[in-house]
Amino acid sequence: DQQVKQNSPSLSVQEGRISILNCDYTNSMFDYFLWYKKYPAEGPTFLISISSIKDKNEDGRFTVFLNKSAKHLSLHIVPSQPGDSAVYFCAASGATGRRALTFGSGTRLQVQP
Amino acid sequence: EAQVTQNPRYLITVTGKKLTVTCSQNMNHEYMSWYRQDPGLGLRQIYYSMNVEVTDKGDVPEGYKVSRKEKRNFPLILESPSPNQTSLYFCASSLSRAGGNEKLFFGSGTQLSVL
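In order, the protein sequence lines correspond to chains A and B.
Residues in the first sequence are numbered consecutively from 1, following my numbering.
Residues in the second sequence are numbered consecutively from 114, following my numbering.
For the record, the hints were derived by calculation from the structure and aren't laboratory data.
Just to be clear, a hint being listed does not mean it is correct.
[Said to hold, decoys possible] Capping the alpha-carbon separation at 20 angstroms, the derived lysine to any residue pairs in SDA-like fashion look like this: (1) B/K216 with B/T118; (2) B/K216 with A/V78; (3) B/K216 with A/G16.
[What the hints assert, rightly or not] Covered stretches of chain B, going by a simulated chain A footprint (3 or more residues, C-beta under 8 angstroms): (4) 155-166; (5) 219-227.
[What the hints assert, rightly or not] Distance windows between CB atoms, simulated: (6) B/E183 with A/Q14: 44 to 52 angstroms; (7) A/S12 with B/L201: 17 to 25 angstroms; (8) B/T126 with A/S12: 16 to 24 angstroms; (9) B/G129 with A/K54: 45 to 53 angstroms; (10) B/E175 with A/Q2: 17 to 25 angstroms; (11) A/S51 with B/Q224: 33 to 41 angstroms; (12) A/Q110 with B/S221: 17 to 25 angstroms; (13) B/T135 with A/S28: 34 to 42 angstroms; (14) B/D151 with A/M29: 22 to 30 angstroms; (15) B/K130 with A/M29: 19 to 27 angstroms; (16) B/K130 with A/P113: 40 to 48 angstroms; (17) A/S28 with B/E183: 32 to 40 angstroms.
The beta-carbon is built from N, C-alpha and C at its ideal position, and this holds for glycine as well.
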């Protein structure tokens, strides 16, 4: 049973437009949510995170929104650039911290020039 | 350069032939972990280590072993590989316990095929 779900395997947007990647979770004990980006033949790299006590966190072109009541978070990329083309993983961590991140299945973003 | 180094990058083997995937980090991180990535399933944790000589099972530990004799190294051992262990494997590390807002640093991955 996947506790973190990314229901869109892929997304294609035009350069300069907004990219919105979505993630749903089921475990209300998660206290942090993170986004990782992965390029082909490389390991995932940390992008941005948000605490469960916040509803928004912004870092440059990247903003993550958290809706706790809906158990939903989203990553907004504005404006999208071709270099943003990658697989994006949503991840969550629990309150105890003993176990590592629980990852979603990933969304492949393609930004068209 | 701060990094997590895995070797080999690609490995093809046959069922039952023991193999080891090495992982080393040069950031003096306490926490290390192994993940496997499979299509549609994302990354799933195999084993993790909170510190030297401290290891514990993740979500999918069956068929794997690990050891943490030194802080920098965390090898993944498949004593008798089977085809269902064909996957992309990632080693990761972080400064302290993973959880909360602790960022994981990942290696470049090892693509394993078990025939």
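- Whether chain A covers the segment 219-227 of chain B (at least 3 residues having a Cβ closer than 8 angstroms to its Cβ atoms): Check passed, 4 qualifying residues.
- Item | Range hint 16 to 24 angstroms (beta carbons of B/T126 and A/S12) holds or violated | 37 angstroms, violated
- Message: For B/K216 and A/V78, compute the direct alpha-carbon distance and say whether it is at most 20 angstroms.
- Response: Since the Cα atoms of B/K216 and A/V78 sit roughly 23 angstroms apart, the hinted pair is violated (cutoff 20 angstroms).
- Range hint 22 to 30 angstroms: satisfied by the CB atoms of B/D151 and A/M29? 25 angstroms, holds
- Do the Cβ positions of A/Q110 and B/S221 conform to the proposed distance bound of 17 to 25 angstroms? 22 angstroms, holds
- Look at the Cβ atoms of A/S12 and B/L201 and judge whether their distance stays inside 17 to 25 angstroms. 24 angstroms, holds
- Can the suggested window of 33 to 41 angstroms be confirmed for the beta-carbon pair A/S51 and B/Q224? Check passed, 35 angstroms falls within 33 to 41 angstroms.
- Query: So the hint says 17 to 25 angstroms: do the beta-carbon atoms of B/E175 and A/Q2 match that?
  - Reply: For B/E175 and A/Q2 the Cβ distance comes to about 18 angstroms; the hint holds.
- Item | Hint check for A/K54 and B/G129 - Cβ pair distance inside 45 to 53 angstroms | 50 angstroms, holds
- Query: When you check the alpha-carbon spacing of B/K216 and A/G16, does it fall within 20 angstroms?
  - Reply: Violated. B/K216 to A/G16 sits at ~29 angstroms, over the 20 angstroms cutoff.
- Task: Examine the segment 155-166 of chain B for residues whose CB is less than 8 angstroms from any CB of chain A, and state whether their number is three or more.
- Result: holds (count 6)
- Task: Determine whether the Cβ-Cβ distance between B/K130 and A/P113 falls within the hinted range of 40 to 48 angstroms.
- Result: The hint (40 to 48 angstroms, Cβ to Cβ) holds, given that B/K130 and A/P113 are roughly 46 angstroms apart.
When each numbered hint is compared with the structure, violations occur for hints 2, 3, 8 and 15.
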